Amino acid sequence: MFESIVLWLAAVFTAPFFSAVILKVKAFFGGKKGPPLLINYYTLIKLFKKGSVYSVSTTPVFKMGPVVSCAAALAALLFLPLAGHMPVISFNGDVIFVLYLLGLGRFFTIAAAMDTASPFEGMGAAREAFFPIICEAAMFMILIFFYRLTGELSFAAYFSGTGTLGLWQIAGPSLLFIVIAFFIILVTETSRVPVDDPATHLELTMIHEVMVLDHSGPDFALIELGSFCKLFFYAAILSGLILPFETGIPGAGILVFIAGLVIVYLVVGIIESTIARYRMDKVPQFVLTSFALAFFATIITLELIQ
Amino acid sequence: MSHFFAAISLILAGGLVSLVSARHHLFSRAGATLLISAGCVWGLAAAVTTLMGSVTHSVSFQYLNLFFLAFEMDTLSAFFLAVIFLVCLMAAVYSFHYTQDAAAPVKTAVTAFFFSILVVSMALVVTAANIITFMLSWEIMSLSSFFLVIHDYRKKENRYAGYLYFVFSHVGAMFIFAGFGIFYKYTGSFGFTDVHTLTEGAKILAFVLFFIGFGSKAGVFPFHVWLPHAHPAAPSHISAVMSGVMIKTGIYGILRIYSLLELPAPAFGYLVVTAGVVSGILGVVYALGQTDIKRLLAYSSVENIGIILIGMGLGMVGVASRNPVMAVLGFSGALFHVLNHALFKSLLFMGAGMVVHQTGTRSMDALGGLLKSMKITGFAFIIGSLAICGLPPFNGFAGEFVVYLGGFQGIALDKIPFAVSVAAIIGLAVIGGLALACFTRVLGIVFQGEPRTEAARNRTESGTTMLWAMGGLGTACVIIGVFPGWFFNLSLSAVSALNLGYARIPVAPFAQITGHITLGAFVIVLLVLGMAGLRSWFYRAKPISRSGTWGCGFTRPTPKMQYTGASYAFEMVRFFRPAAPIEEQHPPVAGRFPASTRYESRVHDIAERCMAPGVIRPVQFLFDRLRWIQHGDIHLYIGYILLAIVLLLFFI
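Going down the list, the sequences are from chains W and B. Heads up: the first sequence at position 289 corresponds to 289 in the working numbering, and the numbers run straight through without jumps. Heads up: the second sequence at position 562 corresponds to 1562 in the working numbering, and the numbers run straight through without jumps.
Worth flagging that the hints you see were computed from the coordinates, not collected in a lab. Please note: incorrect hints may appear among the correct ones.
[To be verified] Calculated cross-link-like contacts (lysine to any residue; reagent style SDA-like; alpha-carbon spacing at most 25 Å): (1) Lys-49(W) x Gly-1533(B); (2) Lys-1156(B) x Val-1106(B); (3) Lys-46(W) x Ala-10(W); (4) Lys-50(W) x Ser-1545(B); (5) Lys-63(W) x Val-12(W); (6) Lys-1107(B) x Lys-1155(B); (7) Lys-63(W) x Gly-1471(B); (8) Lys-63(W) x Trp-1550(B); (9) Lys-1107(B) x Tyr-1160(B); (10) Lys-46(W) x Leu-1534(B); (11) Lys-46(W) x Arg-1535(B); (12) Lys-46(W) x Leu-23(W); (13) Lys-1375(B) x Ser-55(W); (14) Lys-46(W) x Lys-1542(B); (15) Lys-63(W) x Thr-1460(B); (16) Lys-1155(B) x Ala-1022(B); (17) Lys-1542(B) x Pro-60(W); (18) Lys-1560(B) x Gly-1360(B); (19) Lys-63(W) x Pro-1557(B); (20) Lys-1372(B) x Ser-216(W); (21) Lys-1185(B) x His-1170(B); (22) Lys-50(W) x Phe-1538(B); (23) Lys-46(W) x Trp-1537(B); (24) Lys-1415(B) x Leu-1263(B); (25) Lys-1375(B) x Gly-1360(B); (26) Lys-46(W) x Arg-1540(B); (27) Lys-63(W) x Gly-1551(B); (28) Lys-50(W) x Tyr-1539(B); (29) Lys-1107(B) x Glu-1157(B); (30) Lys-50(W) x Ser-1547(B); (31) Lys-49(W) x Arg-1535(B); (32) Lys-63(W) x Ser-1545(B); (33) Lys-63(W) x Arg-1540(B); (34) Lys-63(W) x Ile-1544(B); (35) Lys-1560(B) x Thr-1460(B); (36) Lys-46(W) x Ser-216(W).
[Unchecked claim] Residues of chain B clear of chain W, computed beta-carbon distances all greater than 12 Å: (37) Val-1048; (38) Phe-1147; (39) Asp-1152; (40) Tyr-1163.
None of these values were measured; they are calculated from a predicted model. Built from N, CA and C at the ideal position, the CB exists for glycine as well.
With the hints as constraints, model all of the structure from the sequences given.
Below, the structure written as structure tokens:
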């Protein structure tokens, strides 16, 4: 229990660091030196020190937005096994709970955006409401796949202890589909290229960033922290899938886990550097691909198990 | 049972008092509210005691020396009774200030009278124990609600809504009659007890007939066409009752018939899950396309009926594939959602009622910014929205979670049950996502941002009892969401009346589920409070100022520039265009000095569209051809009667 809480805190505190890896990769591809790896901490500290300006159109919901979305991301990490250790909390069905928890965060992010009466933020909110619908369907398809393999409905059963899911086991070939499907979900849910561009500067084309345009100071810091943690959450699941090694040596599990995380973040960075954002009306097709992949994987496994 | 009848008499007395004293407006309203709510509280207490004691009461009276009016209250009836009385209690309280209209005291009194009849007839429907009693109560229920739908009869659209409702409820009743006809043919009695002796084919036919009949009351796609017209037309507390509980009598009917038939045919489950997934997804897609706030809520009822059907269908699949855990999870999840939907949907309708009452418009795109001046309504509406999206820690999540667990039980099965369970789970996930989009849209357009027209500017809320009713329902949503254990046990107790063949349902594994929901809810609440504390710590002694919204360099924004409801939903509805065709009217801009143009879009309901050429026109054509029968000559009519009697004599 104590170990799990320490790991959870470590995850929350290192999430900004890993996000900086993406920036480094992008800078490398751009032939630049890029910001230091601790840049996100500097940003957070700077934001926490500042005051805020609130729009006259807003209500208390606007202030609840960052609080709830950040709390939801932190709570999601509580349920996730890190480096093969038991999570802080785990129960049968916690996967569904966590998915709906992230939905709660999304609800408040959207509500906070709609609070500002800004046309651009409404636009971003509409997109933020749309794309995750398909993601959620794909996510549940993946859960169905996991349930077929393990007969369990909790993250702890998938990624901690022995007998975990992994690319190198018997269901590995079909898990490859799942890994790709999950990567698409990661990209969509955490507002990354090619679905969204976190570095864009035109409000018309933004999704997540335009929704938080009006937030400033500590509020904005909470939003940033929440999105770092959300990215870490998805990356940790992927890391568990691609490098599910049980070394038996104490401490080595964590190193393998971190290696997996770095791979995921590197791939996100490489993709961000090499392809452009899709046209908004093409995005649903891209996201639907993840559902199709998960569906195929499940069909394949049906034959495999019997 | 005596408590039940006492409660009903009290409610009826409330309606009568209001009618008799219609001229004394205040007295009439107060009398109706007091007596109806007292009756509801009494009935609620009786129902909950029955539920917790798991006892069955029955009673019968002779009627016309020929038939018996038999009533029976088992735990399934008691569960529905509890939901009915709870929501009607809140609606009665709400109505005290809502129906305040000194200009038309008689109309108010008549509404209160029909409301009391509606409550009583719903209570009788779920306790009826033979065919005569059931159909009698069913018809009274349909008729009394018909009069409530045409409450505002001066508006043409309301009369149309009432007409549509009348036709649908009676066509539905005809299907139910046909089903009961099969029962009577095989058992030779009006009672329900011997129904399991039917042949298998008769059972399947009867189930399909009942499913159509009850489905049209419940608002199952494609028999939901009346629902989005009728619910907005009624006064808001009536919409709350119709949408929150009256349509659930259809669900009760399906469940009751299923348990009477005692035929665990898997096809029932497949049929019900399919109907559930289709109603769920299309209901919320159409809800997304609405511009009228009450119509939107009505369509969202179609969606929630879908979720309930998914749960019931999973339960039936579980029974058919001999998986008791799946069966119990499916049925109890569905029943739990019946309770939850009744609470949050009536809360949302009451919130919408307050908005309509104060602004005088139902069009969402004319509203905006109401949260600032209508704080209690606004926050109650937010709680309702969170609950209806099925987000933790609110009650909607607790119900859907149980249904999900039931669905995952089916994943371990093979072939068709597996495919059906996959459809159920993915359907629920899509419904959840779309509901989130739908209700952030309502919230964002109606309650947040800036007022779009004068109608929404500086509107305050009024009516203490209206606020009390909403506050009570909102609190219930939160309490059930955080501590679902006791309430879930009530639905488990109702499932035990379903004749599933499991002697006793072991409560332990299910208590664990609700315990987990409570644990999860505590985690969220603690973390949110923690973050809120952190936030206020960071904000201590900080410069905080207010300014306009960042307009991306544009300095003269107007409220008209806000994102509208139509644009918010456009992409999502377009994704479903085969089922939800969008009609746009937009005269192109032409010439050097173009005249002003306009844009109009409408999302069509495919069931309504296909119903006209597919059903209504052929029927009209047929009856047009048969018009010569109705001659207008009285002698001919007497001849018809004679002919009919002579023909009937041959059959006796």
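Quick rundown of the hints versus the structure:
no., hint, verdict
1, Lys-49(W) x Gly-1533(B), "holds (16 Å)"
2, Lys-1156(B) x Val-1106(B), "holds (21 Å)"
3, Lys-46(W) x Ala-10(W), "holds (21 Å)"
4, Lys-50(W) x Ser-1545(B), "holds (12 Å)"
5, Lys-63(W) x Val-12(W), "holds (22 Å)"
6, Lys-1107(B) x Lys-1155(B), "holds (15 Å)"
7, Lys-63(W) x Gly-1471(B), "holds (22 Å)"
8, Lys-63(W) x Trp-1550(B), "holds (16 Å)"
9, Lys-1107(B) x Tyr-1160(B), "holds (19 Å)"
10, Lys-46(W) x Leu-1534(B), "holds (16 Å)"
11, Lys-46(W) x Arg-1535(B), "holds (15 Å)"
12, Lys-46(W) x Leu-23(W), "holds (18 Å)"
13, Lys-1375(B) x Ser-55(W), "holds (18 Å)"
14, Lys-46(W) x Lys-1542(B), "holds (14 Å)"
15, Lys-63(W) x Thr-1460(B), "holds (23 Å)"
16, Lys-1155(B) x Ala-1022(B), "holds (23 Å)"
17, Lys-1542(B) x Pro-60(W), "holds (18 Å)"
18, Lys-1560(B) x Gly-1360(B), "holds (20 Å)"
19, Lys-63(W) x Pro-1557(B), "holds (23 Å)"
20, Lys-1372(B) x Ser-216(W), "holds (21 Å)"
21, Lys-1185(B) x His-1170(B), "holds (22 Å)"
22, Lys-50(W) x Phe-1538(B), "holds (9 Å)"
23, Lys-46(W) x Trp-1537(B), "holds (15 Å)"
24, Lys-1415(B) x Leu-1263(B), "holds (21 Å)"
25, Lys-1375(B) x Gly-1360(B), "holds (18 Å)"
26, Lys-46(W) x Arg-1540(B), "holds (16 Å)"
27, Lys-63(W) x Gly-1551(B), "holds (19 Å)"
28, Lys-50(W) x Tyr-1539(B), "holds (9 Å)"
29, Lys-1107(B) x Glu-1157(B), "holds (19 Å)"
30, Lys-50(W) x Ser-1547(B), "holds (16 Å)"
31, Lys-49(W) x Arg-1535(B), "holds (12 Å)"
32, Lys-63(W) x Ser-1545(B), "holds (14 Å)"
33, Lys-63(W) x Arg-1540(B), "holds (15 Å)"
34, Lys-63(W) x Ile-1544(B), "holds (13 Å)"
35, Lys-1560(B) x Thr-1460(B), "holds (22 Å)"
36, Lys-46(W) x Ser-216(W), "holds (11 Å)"
37, Val-1048, "holds (28 Å)"
38, Phe-1147, "holds (39 Å)"
39, Asp-1152, "holds (31 Å)"
40, Tyr-1163, "holds (36 Å)"
Against the hints set out earlier in the document, no violation occurs for any number.
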